[in-house]
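Engineer: Using the sequences plus the hints, can you model the full thing?
To convert a position in the sequence shown, counted from 1, into the working numbering, add 703.
Honestly, I wouldn't trust all of these hints.
[As the list claims (entries may be wrong)] In silico lysine-lysine, DSSO-like type, Cα no more than 27 Å apart, as pairs:
hint: 1; residue 1: K763; residue 2: K870
hint: 2; residue 1: K840; residue 2: K888
hint: 3; residue 1: K981; residue 2: K871
hint: 4; residue 1: K820; residue 2: K889
hint: 5; residue 1: K767; residue 2: K1093
hint: 6; residue 1: K870; residue 2: K825
hint: 7; residue 1: K836; residue 2: K819
hint: 8; residue 1: K763; residue 2: K889
hint: 9; residue 1: K1005; residue 2: K981
hint: 10; residue 1: K1093; residue 2: K763
hint: 11; residue 1: K820; residue 2: K1004
hint: 12; residue 1: K840; residue 2: K820
hint: 13; residue 1: K820; residue 2: K775
hint: 14; residue 1: K836; residue 2: K889
hint: 15; residue 1: K775; residue 2: K836
hint: 16; residue 1: K1093; residue 2: K825
hint: 17; residue 1: K820; residue 2: K1005
hint: 18; residue 1: K808; residue 2: K767
hint: 19; residue 1: K1004; residue 2: K767
hint: 20; residue 1: K767; residue 2: K840
hint: 21; residue 1: K775; residue 2: K808
hint: 22; residue 1: K819; residue 2: K767
hint: 23; residue 1: K840; residue 2: K889
hint: 24; residue 1: K775; residue 2: K763
hint: 25; residue 1: K981; residue 2: K808
hint: 26; residue 1: K870; residue 2: K819
hint: 27; residue 1: K763; residue 2: K1005
hint: 28; residue 1: K1093; residue 2: K888
hint: 29; residue 1: K888; residue 2: K981
hint: 30; residue 1: K840; residue 2: K808
hint: 31; residue 1: K981; residue 2: K819
Treat the hints as calculated values from the structure; they're not laboratory data. Predicted model, so just to flag it, every value in this text is computed and none were measured.
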Amino acid sequence: SLQALSTTVRIDKMLFIPSVNLYMVGAATYFTLVSFIRFDHVEAFYVPGITAVDYSEGAKIMVKVSSLTSVKTQIPVDYYRFPFCRPTNVHRVRESLGELLAGEKVAPSPYIVEMKKNTTCKVLCASELLNDKHIQKLSHLIESMYHHNFILDNLPSASVSETQDHKKLSHYAGGFPVGYDDNNKKYLYNHLRLFIDYHQHDGSNGYRIVKFSIEPFSIHHRIGSGNYGNGKGIEDLKEEARKSKATWEGKKTFSDKVSDIIEENGLSGCVGTADEPKIMGPPLELDEGHAIFYSYDVIWKKSEVQWATRWDVYLTEGHRVPPIIHWSAIINSFIVLIILTVMLGAILVRNLRRDIAGYNAVRLTDEERMDETEESGWKLVHGDVFRPPKFAPMMLGVLAGTGAQLLLTAVF
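Structural biologist: Here is the structure:
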């Protein structure tokens, strides 16, 4: 009949598409990508964090910052949306595929460390006088328990805190807090002590970073030495910066212009030497009309930990978390996967049994069954959808596989 003939033609067309069109797509993808390849010039790259980097003594290494995170809100926020110290040029840094998948926004920071060179009370920047808007933003971060996330040599910073019995405790997940709340008063961490462990590989003249941790402090810095400083404020520093042409040369931001003058005058909250830095003074309370002085120390320490095993402490929280927790997570994932697979299989089997029962309910000829039921969807091509092409069937797999590989290589 005409209906049977039209249905047969439609089925033939649908069967023809998977075999020929896939062949043409694979061949087109292969020859298009091959045409862009220059065999006389080949370049390669490596994924950051996979290959170890050797730093020479005195080499400058920039500390990067990622988004602020909170275990309370679970919403990451951009670091430079808040009044923190920022470099002259802020741009997005894409380090690895894992950071992109996690949605992290990695950017450079003004924190600079030099290999094997200890530093005490390095002035980072000085903020403008705080207004009500700045205080609200910083107070919101403290109330929501937001944490900083610093990165050095693709290694996230651990947080060092002091217990009640004056012992140092390190946490290797979540970064370090922005500040703390005490009796409804907000205090900001404005002084950081960076602990960096390095390891010298056998037969190498360079040094590799194997551990990175930060201990935050809240210090109400005053300009000048002594408990109360010399009485100068931000406005005095700005006036000195305007009068000093040397300070203005090569400086582009306010913090850069006054940082040299702060270095010359010193800060009251920092004492001690580069090898043994110490702090003194009351904590920094967020108050309107005051400026924030950011500073940091750097302490280097030689370590026997090799670069290949530097991530071990992050997996076990410094050997405080038993491995059974990781096995429990894996087992839970498998159980959920099995349950979902069984549920999906049960639904498919039920639908297939219902269709088969409908076909076998009344015995009809092929022409009567075609007139009785108009098939649609996958049932039209379920028997021949994987039929290989008649000409060179293996060529389709070769061209499609090679083309897909070249496409992924060219794009990513």
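Engineer: Checking one constraint from the list: CA of K819 to CA of K767, max 27 Å. Satisfied?
Structural biologist: At roughly 19 Å apart (the allowed maximum being 27 Å), K767 and K819 satisfy the hint.
Engineer: If you draw a straight line from the CA of K836 to the CA of K819, is it 27 Å or shorter?
Structural biologist: violated, 40 Å
Engineer: Could you grab the alpha-carbon distance between K888 and K981 and see if it respects the 27 Å cut-off?
Structural biologist: holds, 25 Å
Engineer: Please verify whether K763 and K870 have alpha carbons no more than 27 Å apart.
Structural biologist: With a Cα-Cα distance of about 31 Å, the restraint between K763 and K870 is violated, given a limit of 27 Å.
Engineer: Is the Cα-Cα distance between K820 and K775 27 Å or less?
Structural biologist: Given pair K820, K775 is violated - Cα atoms ~37 Å apart, limit 27 Å.
Engineer: Between K775 and K808, is the straight-line Cα distance small enough, at 27 Å or below?
Structural biologist: holds, 20 Å
Engineer: Need the status of pair K840, K889: alpha-carbon distance at most 27 Å?
Structural biologist: holds, 12 Å
Engineer: Can you confirm whether the C-alpha distance between K763 and K889 stays at or below 27 Å?
Structural biologist: violated, 34 Å
Engineer: Check whether the Cα positions of K775 and K836 lie no farther apart than 27 Å.
Structural biologist: holds, 22 Å
Engineer: Does K820 pair with K1005 here, judged by a C-alpha cut-off of 27 Å?
Structural biologist: Holds, because 12 Å separates the two Cα atoms, which is no more than 27 Å.
Engineer: Given the hinted pair K840 and K808, is their alpha-carbon gap at most 27 Å?
Structural biologist: At roughly 19 Å apart (the allowed maximum being 27 Å), K808 and K840 satisfy the hint.
Engineer: Run the distance test for K1004 versus K767: straight-line Cα separation, threshold 27 Å.
Structural biologist: holds, 20 Å
The structure does not agree with the numbered hints 1, 4, 5, 7, 8, 10, 12, 13, 16, 24, 25 and 28 stated previously, though it agrees with the rest.
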